[in-house]
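Taken in sequence, the protein lines are chains Y and G.
Position 39 of the first sequence, counted from 1, bears residue number 148 in the numbering used here, the numbering being contiguous throughout.
Position 35 of the second sequence, counted from 1, bears residue number 38 in the numbering used here, the numbering being contiguous throughout.
A hint or two may mislead.
[To be verified] For lysine-lysine, the following DSS-like pairs were computed, each having C-alpha atoms within a straight-line distance of at most 27 Å: (1) G/Lys-163 / G/Lys-95; (2) Y/Lys-442 / G/Lys-123; (3) Y/Lys-119 / G/Lys-202.
[Stated by the list, open to error] Which bits of chain G does chain Y cover? Going by a derived footprint, with three or more residues having C-beta under 8 Å, they are: (4) 75–85; (5) 171–177.
[As the list claims (entries may be wrong)] So, partial list: chain Y residues that the calculated Cβ filter (under 8 Å) puts toward chain G: (6) Ala-189; (7) Pro-294; (8) Val-297; (9) Arg-301; (10) Phe-346; (11) Glu-347; (12) Gly-436; (13) Glu-439; (14) Pro-444; (15) Tyr-446; (16) Gln-450; (17) Ala-451; (18) Glu-462.
If you are wondering where the hints come from, they were derived from the structure by calculation, not from laboratory data.
Note that the Cβ used here is the ideal one computed from N, Cα and C, for glycine as well.
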Amino acid sequence: MYVSVKGGEKAIRAAHRLLADRRRGDRAVPEVAADQIREQLTLAVDRVMNEGSLYDRDLAALAIKQARGDLIEAAFLVRAYRTTLPRFGYSVPVDTAAMAVERRISATYKDLPGGQILGPTFDYTHRLIDFALMADGDTPLAERDATSAAAAMPRVTDLLDGEGLIEAEPASDDGVEPGDLTRAPLRVPASRDLRLQQLARGDEGFLLALGYSTQRGYGSTHPFAGEIRIGEVEVEFEVPELGFAVPLGAVTLSECQMINQFAGSAEIEPSFTRGYGLAFGQVERKVMAMALVDRALRTEELGGETEHPAQDQEFVLSHADNVQATGFVEHLKLPHYVDFQAELALVREMRREHAAARAAREAESGDTYQEAAQ
Amino acid sequence: MTAPIKPAEGYAFAYLDEQTKRMIRRALFKAVAIPGHQVPFAARDMPMPYGWGTGGIQVTAAILGPADVLKVIDQGADDTTNAVSIRAFFQKTAGVAVTTRTGEATVVQTRHRIPEEPLKAGQTLVYQVPIPEPLRFLEPRETETRVMHALADYGLMHVKLYEDIATHGHIAKTYAYPVKVEGRYVMDPSPIPKFDNPKMHMNPALQLFGAGREKRIYALPPFTQVESLDFEDHPFERTKFEAPCALCGATDAYLDEVVIDDEGGRMFVCSDTDHCETRREQGHRGALLGETPNQEARP
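Here chain G stands alone, though its shape is the one from the complex (with noise of 0.2 Å):
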């Protein structure tokens, strides 16, 4: 963990000046009350593009308080570009202790993954969002979706996910797949892998979901039921890997492919590189770092 520092004069704490954040965390409260729904919020232009995660970073920036602790993510892991970047804007707006460690965080912001460890009470997962509508590409116009939603009127995606699987034998959704929330709203989980997403049911932790060009806020409070949409004979199924993690040996994490030459050699490791860090602390070794925890003391 790194210890909070002074923030950048100039700018209010966290970058948003007090009337958005006040503005962001109406659209947080009505969110938390109707988990799933999309609350449109006013999204101010940020100084990262859209599609870098402007609603994570503004929801980040709305809950974010002097004595949170802030872990930061993209595709599971710390050291990614745009998670550095995201990381080094807070501590230099906000000054806030930062960390890679998933249980130390008070504040996960993320893209596309959720974490190995267990989230806890008392956590905030963050999701940076592209498209909020679970519904938008198979119908692209706002005014037909939002009434499809207030009608609960969701045959037309129960129709896409079938047809699927008449054309692939497969529902062809791998990420953000689609899910139901307390048996009400159909939700996008944003593009995590369909892996991720048991882990949003019934969580402890509460996850907020923010799209900065779309200018959407969505919730899922701790201990909400969500279930990915399936059918009775094609029942919702994880990715599996064929091979354990390289690195730490691990069986039960999404594995990021790595290609290692260019004759076809691959290996499998860890997406979220503080589980596989932690395993391998824990002594945990997979098959690139042999089987005794000793050969691995070269940095």
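Chain Y on its own, in the form it takes in the complex (with noise of 0.2 Å):
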């Protein structure tokens, strides 16, 4: 019995044994191919790469596989490896005006210039399960409206900021170089481009609840979605020894910008502020839900008080990271017998004094009742 509360080398092997089975399932069942899943799970590979922090469908895709379907496992391997990987530098600021656009809509504005394109979306579906893809079937291919996709599409927000409606955008080009939290350790309060990072690689389940806390009265910005906008931008980068930036390849994204309520002093006009969610591949919810606490985050520099979570630079910083909360949360399944042991003899001796003033309580009541009875 002593041996058994220990492991060893051969129960890792043999779990690890088990486990690759119980991946593989049913061997009736064709196993399924990395591939597929980055082509036919995009969004589950799209929410690997925002929290694995690298932008790399199929070792997402195998990630995926590899996890048993447990995404936060699988953002888990991909940081991993991420962490082995050299790098370069910073890419030029992406033009997000300049997005290929495959979806864009604004709830602020009815019609706008490029038009609403509703795009590849669940949100006026209804979800009634499709008992019709049980059975393979071809889809048939969706065709695209080349005009939509080609006319210009200025930013909304742009839009509001020529009539100076809305705070200025900070200039991308202030010469500082952004923060890395992946390269030096986070320190709050920390600058708006670190908290972004954050959001970024942050859980989404994490980031929906802090947002929606917002819209519940905790920390309210009387948000609307003045836009949200997805599809492929190109990446370039300058090398030194060009002098001039060269395309890396397109990546999609998803990008909300969130008009929120004033801002504004006795100096300054009052304008609507800022909220703002970016992230690798198809993510609205999550984008969104950054938006959220991106403003939120902003209270104090906007004048206001930190009193609820979702303004909590500390709070929220500290905890969206999925990978690091799940280590810590299951690292209590790891042996703790050592300071268990420390808590136990503790109890016990508190235990025993305990007895020992009570029975030396009763014994002295006991005298003062067999005194009254005499």
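Please assemble the complex out of the two chains, which come individually in their own frames, going by the hints.
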């Protein structure tokens, strides 16, 4: 029985074999291929790329397969791989105004230059299980309207900016290199670039709950979804030897610009404020929640007081990372018997003292009772 | 001891790239220069989960050389699953020699214990740390605790310990018991039982602490003064055991309680497996093994 509480190499090897076996499932069913995951579970791939902090669809798909569909575990695999990659530098800031848009909607204008483009969305589907998907069937190719994609699509916030109704966007070429919390420890208060990085890497569910809490009165920002756009943007990199930027390829991004209630003072005219969300792939829920939380985290900067969880930098930034969170929560299953032993010893001693004290009290009150009886 | 082997290809020695190791070593130098002070470092995502010792693993990866002999323990034991896994990781990525003997090791990575055998000059003990901030449970904000350390303002901690005594009659900290280093920084010794706290004091070995998730490194250089916090009328006391080790008869070692049946049967055995085995090899016998050495012939 002493040995049974200890692990060992044999046990670990056997557990790994069993894990691989369970991952494969019933051998009578064809094995899922990573490219099938990449093509058919694209939204899962997008989530893993964000929380794994690496834009690589094939790697994310493989990680999902290896993780048996556990997306946090998949993000963790991607993160650990990311650690081993060298980094060359920062790309030129991407221009989302020049995005090849697949979806673009605004909740603040009925119509606007470039139009509203629904794109591939669940929004107006009826959530009825489609049993036809049980059978293999040919899904017809969707046609694309070339004219809408070709139209110029200025960003809604730029339209407002033209009138001065919204706070100006901070200049991107301010000469300060953006921070990277995977290469330097995060310190609070953190600047907005680092906050946005942590939110983009952060757990979708956590951001969703925090964003939701702001809508329910825990730090309301009165948001409007000014614009959500999804599509491909080109990534360019400046090579010092060449002296100009060269395209490295394209990434799909989702961007959300929330328009929120006012800032202003005696000196500054009242204006709308911004909350911003940007992430890899088609991750609309994530970027909307991110934009809400980004704005909530600017509360102090905009003259408010930090009163609620979503406004609290330390709280939000320290708990957004699901790979860290799952590790620390799950580490409770590692052995803790050394510490528990120390607690056992103390609680036993305290109980002994408690019992002794009670016995003493009872003896004393017994005496009193006898005296009273006499 | 298991001899060095050829490390796995495709990765840098001990997994981390050289730039990352340099960054960690810089943090280590600073930590050694300011004993007990928590130094932020840019911890990486490692191939093990946070909470499994990513901080200790990164420190070990940064200090390990090909000639080192590594020992890894968890709960004092070399054969707990996590210790086995971390040891295998460094065998695979660094190819270093590994051992279970405390005396043979140049680097000992540990979770929750300090070996019973006194460490020697030249050895390094690497602790895995979950929450490096001793004040965290009193003040959740890093912005506040940093100021408290800067001002050496530890009143809150003393109030907490005093309240424990007022409520329970004891300081209700049995592990991760806070210490003061060289009279300056209050430091979390990681969740070692307070039984081990006195071993940190004036230890000839270098003691390094790594917290991966919290991105902090701190250190105790050799021969550093480490005092467990207490009061004059409530001096620090080590946890005591009522029975000796059932296997080796040790009376001065930290013991694990093992439940042996469902009728309240208990036995106590050394938490430090190497210490226990060494003592048995020297002929010491606990109650379970009888008095004579020959009875332990069976494997």
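Hints the structure violates: just list their numbers, smallest first. 1, 2, 3, 9, 10, 11
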